[in-house]
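Combine the two chains into a complex, taking the hints into account.
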Amino acid sequence: MTDQPFRPIASSLVRKTVLLAIFGALLVTLIQGWLFYRHEASQFEESVEDIVQANLPLLASSIWDIEPEIVQRQVDALAGRQQVAHVQVRVNTGQVFTAGLAKYAGAPGLRAFDIPYPTRQTGRIGTLEVTTNQQLLHTTVIKGLMGILIGYFGLTGLICLLIHFVLRRDLQQPMTQVAKFATALKPGTLTRKLEISQRHKQHRDEIDLVVEGFGALQESLNSHIQNLDVLVAERTGELAGALEAIKQLSVIDYLSTCYNRAYLDEKLPLEMLRAERYERKLSVAFLDIDHFKRINDTYGHATGDEVIRLIAKTSKGALREGLDWVARYGGEEFVIVLPETGLSEAYNIIERLRSKLEATVILYQDSAIAVTASFGIAEFVPGENAADLLARADAMLYQAKQTGRNRVCYSGN
Amino acid sequence: MFKLFLILWCVFFSPALLAQSVVFINPGKSDEIYWVSATRAMEAAAKSLGMSLEVRYAERDHARTNDIARELVARPVAQRPNFVVFSNDYATGPELLRMFDAVGIKVFMAYSGISDGAAREALGRPRERFKGWIGSLEPRAEDAGYLTARALIAQGRKAKAHAADGKLHMIAIAGDRSTPTSIYRNEGMHRAVAEAADVVLDQEVYAAWNRDKAAEQSTWLYERFPQARLIWAGNDLMAFGAMQSWEKRGGKPGKDGWFSGVNTSVEAMDNIRNGRLSALAGGHFITGAWAMVMIYDYHHGRDFIDEGLELNRPMFTLFSPDDAQRFMAYFGDLSAFKVDFRSYSKVLNPKLKKYQFGFSQLLR
Numbered sequence: 001m002t003d004q005p006f007r008p009i010a011s012s013l014v015r016k017t018v019l020l021a022i023f024g025a026l027l028v029t030l031i032q033g034w035l036f037y038r039h040e041a042s043q044f045e046e047s048v049e050d051i052v053q054a055n056l057p058l059l060a061s062s063i064w065d066i067e068p069e070i071v072q073r074q075v076d077a078l079a080g081r082q083q084v085a086h087v088q089v090r091v092n093t094g095q096v097f098t099a100g101l102a103k104y105a106g107a108p109g110l111r112a113f114d115i116p117y118p119t120r121q122t123g124r125i126g127t128l129e130v131t132t133n134q135q136l137l138h139t140t141v142i143k144g145l146m147g148i149l150i151g152y153f154g155l156t157g158l159i160c161l162l163i164h165f166v167l168r169r170d171l172q173q174p175m176t177q178v179a180k181f182a183t184a185l186k187p188g189t190l191t192r193k194l195e196i197s198q199r200h201k202q203h204r205d206e207i208d209l210v211v212e213g214f215g216a217l218q219e220s221l222n223s224h225i226q227n228l229d230v231l232v233a234e235r236t237g238e239l240a241g242a243l244e245a246i247k248q249l250s251v252i253d254y255l256s257t258c259y260n261r262a263y264l265d266e267k268l269p270l271e272m273l274r275a276e277r278y279e280r281k282l283s284v285a286f287l288d289i290d291h292f293k294r295i296n297d298t299y300g301h302a303t304g305d306e307v308i309r310l311i312a313k314t315s316k317g318a319l320r321e322g323l324d325w326v327a328r329y330g331g332e333e334f335v336i337v338l339p340e341t342g343l344s345e346a347y348n349i350i351e352r353l354r355s356k357l358e359a360t361v362i363l364y365q366d367s368a369i370a371v372t373a374s375f376g377i378a379e380f381v382p383g384e385n386a387a388d389l390l391a392r393a394d395a396m397l398y399q400a401k402q403t404g405r406n407r408v409c410y411s412g413n
Numbered sequence: 001m002f003k004l005f006l007i008l009w010c011v012f013f014s015p016a017l018l019a020q021s022v023v024f025i026n027p028g029k030s031d032e033i034y035w036v037s038a039t040r041a042m043e044a045a046a047k048s049l050g051m052s053l054e055v056r057y058a059e060r061d062h063a064r065t066n067d068i069a070r071e072l073v074a075r076p077v078a079q080r081p082n083f084v085v086f087s088n089d090y091a092t093g094p095e096l097l098r099m100f101d102a103v104g105i106k107v108f109m110a111y112s113g114i115s116d117g118a119a120r121e122a123l124g125r126p127r128e129r130f131k132g133w134i135g136s137l138e139p140r141a142e143d144a145g146y147l148t149a150r151a152l153i154a155q156g157r158k159a160k161a162h163a164a165d166g167k168l169h170m171i172a173i174a175g176d177r178s179t180p181t182s183i184y185r186n187e188g189m190h191r192a193v194a195e196a197a198d199v200v201l202d203q204e205v206y207a208a209w210n211r212d213k214a215a216e217q218s219t220w221l222y223e224r225f226p227q228a229r230l231i232w233a234g235n236d237l238m239a240f241g242a243m244q245s246w247e248k249r250g251g252k253p254g255k256d257g258w259f260s261g262v263n264t265s266v267e268a269m270d271n272i273r274n275g276r277l278s279a280l281a282g283g284h285f286i287t288g289a290w291a292m293v294m295i296y297d298y299h300h301g302r303d304f305i306d307e308g309l310e311l312n313r314p315m316f317t318l319f320s321p322d323d324a325q326r327f328m329a330y331f332g333d334l335s336a337f338k339v340d341f342r343s344y345s346k347v348l349n350p351k352l353k354k355y356q357f358g359f360s361q362l363l364r
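Taken in sequence, the protein lines are chains A and B. Residues in the first sequence are numbered from 1 upward in steps of one, following my numbering. Residues in the second sequence are numbered from 1 upward in steps of one, following my numbering.
Just so you know, the hints here were simulated from the structure itself, not pulled from any lab data.
Residues of chain A clear of chain B, computed beta-carbon distances all greater than 12 Å:
hint: 1; residue: 51
hint: 2; residue: 73
hint: 3; residue: 104
hint: 4; residue: 127
hint: 5; residue: 137
hint: 6; residue: 188
hint: 7; residue: 202
hint: 8; residue: 252
hint: 9; residue: 271
hint: 10; residue: 294
hint: 11; residue: 296
hint: 12; residue: 310
hint: 13; residue: 360
hint: 14; residue: 395
Distance ranges between label pairs, derived from CB positions:
hint: 15; chain 1: B; residue 1: 73; chain 2: A; residue 2: 94; range: 45 to 55 Å
hint: 16; chain 1: B; residue 1: 66; chain 2: A; residue 2: 39; range: 48 to 58 Å
hint: 17; chain 1: B; residue 1: 66; chain 2: A; residue 2: 38; range: 55 to 65 Å
hint: 18; chain 1: B; residue 1: 75; chain 2: A; residue 2: 119; range: 48 to 58 Å
hint: 19; chain 1: A; residue 1: 35; chain 2: B; residue 2: 178; range: 50 to 60 Å
hint: 20; chain 1: A; residue 1: 102; chain 2: B; residue 2: 178; range: 31 to 41 Å
On the chain A side, residues computed to face chain B include the following (Cβ under 7 Å):
hint: 21; residue: 65
hint: 22; residue: 66
hint: 23; residue: 93
hint: 24; residue: 94
Computed from a prediction, not measured in an experiment: that's the story for all the values here. Cβ atoms here follow ideal geometry from the backbone N, Cα and C, with glycine treated the same way.
Chain B extracted, bound-state conformation (with noise of 0.2 Å):
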């Protein structure tokens, strides 16, 4: 009996003696900016802190999401990793959260949390009914709708685009109808506009973050309203497939019509620095990053339980051009990020009472 309790206490506690690991299942595409800047973001987290990461991408495929967890739950004991970071994209989380938590595997949910709703019944709040659930941390991405949504508002006030009526006419390309990030996103574009007397909405059309389907859509929308100078899009993407469509019809974004977007790809970064892109947000590819110092302190011993469990908070930023520089400089090299996140870390720095995740804190 005490050598099967040796033995158990060797496989339980044996893992926490060597570097923990983690793995990151990508819900995007391999070839996506900025879920390549995710995972590089990650992966100079866990050099910085000394963590092993292995990343698997699901190429937006939420059926090869749950493929990939599943290939990592047959894994032998010794060979599963101790987290797994994951994003709720698409509904996934439910059933991603039940097959770790049935093995022991744990969970830490970034970019996208639960929202109220069905699975919030189901789910109900981490270390409940799934201990294994320890947190979620997700950018507050209503910052990006807004803070890009006002930008670009102040750019057309300043260009005195009002049309006939005396109101600026705004036209917005969203990314999907389901996925939080896109819900929030647009509620933070929603609000702003609201906020503004002399903005009105034409309308809100839905791309999938595509930029051939943004250029497409645009099309019909500047026929559509030939009013409208001011173009919110949801992602970068969007936003270069909407500015496509507006030179074809012999316009010059920046000048007569003004384009925002929401994402760090180094496109979005030379667009902001010549002036064809009105207003940038991003910033929060580094979520993961943060989850990853996040884990480290979990898994040391400081658990971040007294900031809340389910993290929501400020990382968008907004990029004048002289950002864009800089950032490029820090974050221009896709093979790897030269960001030291150990200053970050509670454990080291003891200090340290409550975490900072704004990006801009990066860019200096």
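Just chain A, same shape as in the assembly (with noise of 0.2 Å):
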């Protein structure tokens, strides 16, 4: 948005054509009026001439018969006429006689003329001089003119109005109809169709073409939102399973897939308070890789790494499944957590699961690897925190270890 004021199309279009016409008024004037003086003139001495020499025959007859009273009607009539200001006749005997305002004699606009003799072609008997109504010229020019301009910016104004009134209503206001339904267009509302009122014509304009624009974009707005939709759709599931997976490397250790010591750390306490809300049993058991170290060092890494993939598969295929679940407590050390289970059938359990252990084996090159792991049990005693329990699991590991390995003990044994 722009800090520019609006401005209405229409009162744009006004101003400029008001410019324009003055313009073209003045040229108007300037031109015409030169023309229209030019003509008006020009009529305008015909019209003297013509009145002159319609009067003069009598004039020269009523001065050649020496009739002065008719000779002064005659230049009184003269004078009277719109177009004279002032008359005089100057007969070749001496006499004068004036007609008209002796202040307009002799201004711009004297004409003389020879009054003949009425009996012969040759010479005259007076002169007549008239002074025309320079005067009345202009005010016809002026009139004329005025009639012009008046009728010229009559045109103009109608038109003015014209553009006004017909761009509102065609332009204006189906556009402001436009702006505001685009404003208040949201993802929501996106198949509302715009409708433009007053539209009642029969043919289509600028505006449809807008109007149908508009409706293109909706429509592939909407469409291209859908299929957004779906696309969303399809991250959020990628994400959700990206989001899985990163979830479930937080909680997974990575070499054994067993849980993790992180998600021990979380996930026991919980169990236990679960445990102890209830009112259920809960035991856990350590186990303890035997002679890993030396696995290890004999055999390489590679070797290790693989019996601990085995330990952890034994461990969670021997578990009772969506039940019991494994964590990697340390490098060689797991901790079995066993809900609902008390202490003699956790015994059972990891029982079975150590003469499992003991019956696998690994393959190396040639050889067959033994593999055997020592496990201490302990039953969650409510009230007791998390730390606690493993430490009496981790005490009966000990004993296991210290009484031969490869073996389970349990408090109370």
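Okay, here's the thing in structure tokens:
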């Protein structure tokens, strides 16, 4: 949004039209005025000429016949014509007849005519001096120009009015409606159609093109949004998957695919809390791989990794799905959590696991490596924390290690 | 029935037993010397012959002429005149004739009669269509123009007033274009000019018998024709006007410019005697008086039909300074002319075979 002030198209157009009209008017006035003046001036001259010529014969004969009253009457009549401001007749024998206001005599527009002898062709018996009424000429020209200008500006005014009203109805209002519509448009209301009021016309015009364009825009936006929704759903799915993966990564020990220490630290207290709240049993077992360092040193780390993988897999296989879970506690240690399980039942499960492990071997080149583990079990006692529980299980593990490895110890044993 | 006839006879003939009555519709103004003279002459004739004369002035207004006629016609029969005498000035004649003839008043035209043309076609000759129109008497107006122009030219020759081109230049100030009197006088003037090989008429203007207008017009003419020395005027007033403007320019009428006029006013007579006016013709005011004589004779059984019905007779005479003096003696007193007209009546002078209407005989 710019900071420019709002000015309707119609007023802009009207303004330009008026300027053009003024310029045109000046031009018209100059040219037409000059032409008109020329024309009127020559008409004027002609009419004065006609008046004089019409009067000359009678004037001539009344001067010849020496009828001063008639001469004066004629002179008065001449001066009475609107084109004539002042008349003077000078007779050869010295008499002068005048009519009209003296102030006009001799002004620009003085025309002199010979009064001929009525009896013969040549010579004159007097002169007729006529001062034309220049004011009349000017007035006529100005009136004519005024007429032209009034008509011209009248027309211009009408045109401006027309522009104003037509533009307002056919352009401004529809455009304003389009603008309002566009502003109010939201992704959720995209399907609402743009309706322009007062569009009862037989032809399409640019406004209709805009409306149609808007419809097309809305449609494509709409379908795009729908596509996007699908895309978003896909991505969300992918993202969820990625998140899940990440989440998994964050709780899973990469090598063993068991839960990691962090998970144990977070989840075990929760299991214990649940067991306490619902008064259920809970047992944990420490698993430590026997002679792990020696396997690593002897057969390499790759074999060591494989051992760990084997332990993890076997452990998970021996446990109850969906209930028990295994977390890798350290390099060679695992913690097995057994919810809903008391000590004796826990012992059965773990013992079974031990014997399974014992029966498993890893092949390395031509050798078969025996893999065993030692176990320590402790049952949850309400009121204790995770560290305590693990410490007791760890103590049992220690006992198992001390008493020959590849066995299961529990408190009370 | 007989009683009616008797009454009618009395009505028609009783006026004849009384003195016959004449009304003269004078076309001129009651202060115009010429027309007053005309009235006085007619009054002298009426007195001489025992006729009753009533004079009404139209003051040179032809509408008034009609009004007077209408008034006369509207009078009760007993008060109507036997005869009406009028002048066909400004073509008023036909209208008046019709009016009077319709009620049986006899009409005699004096001074100006009917000229040829539309009036003639409408009216015909006396006693034809209009039985009451007994005749007309006109002075031969052409004489006035001719005599004065000829005398003027003679004067100019005597004074050697020729211009550089060897010609005498004349300007004419006439009365009007429509009155027959004016027309005929002009014709007389033109005839005199035509007869003179050494005279050029520069221009003829019309001053309506008016002194001031003649003065104005002559001012222009003197500028226009600086060579003109002879100024012919159709009547006395116009001559005086021309002389006035001549004097205004520093001229001396009779010495460096010569003037002629027509009429027998006192002023004219004076100017003839003092030489300012070079030629004067007149006497035609007597026409009305001659008409009275003719009417008297007609009424008393001596018709003038043997001399014609429309008489056009020489009456004008040229006045020499002596004539002027004599004129003043007989006709100078405008309150009444002491002229006896009885010797001119055929009824009273049976030996008289033909009327003599010349004016000069009255100056003896």
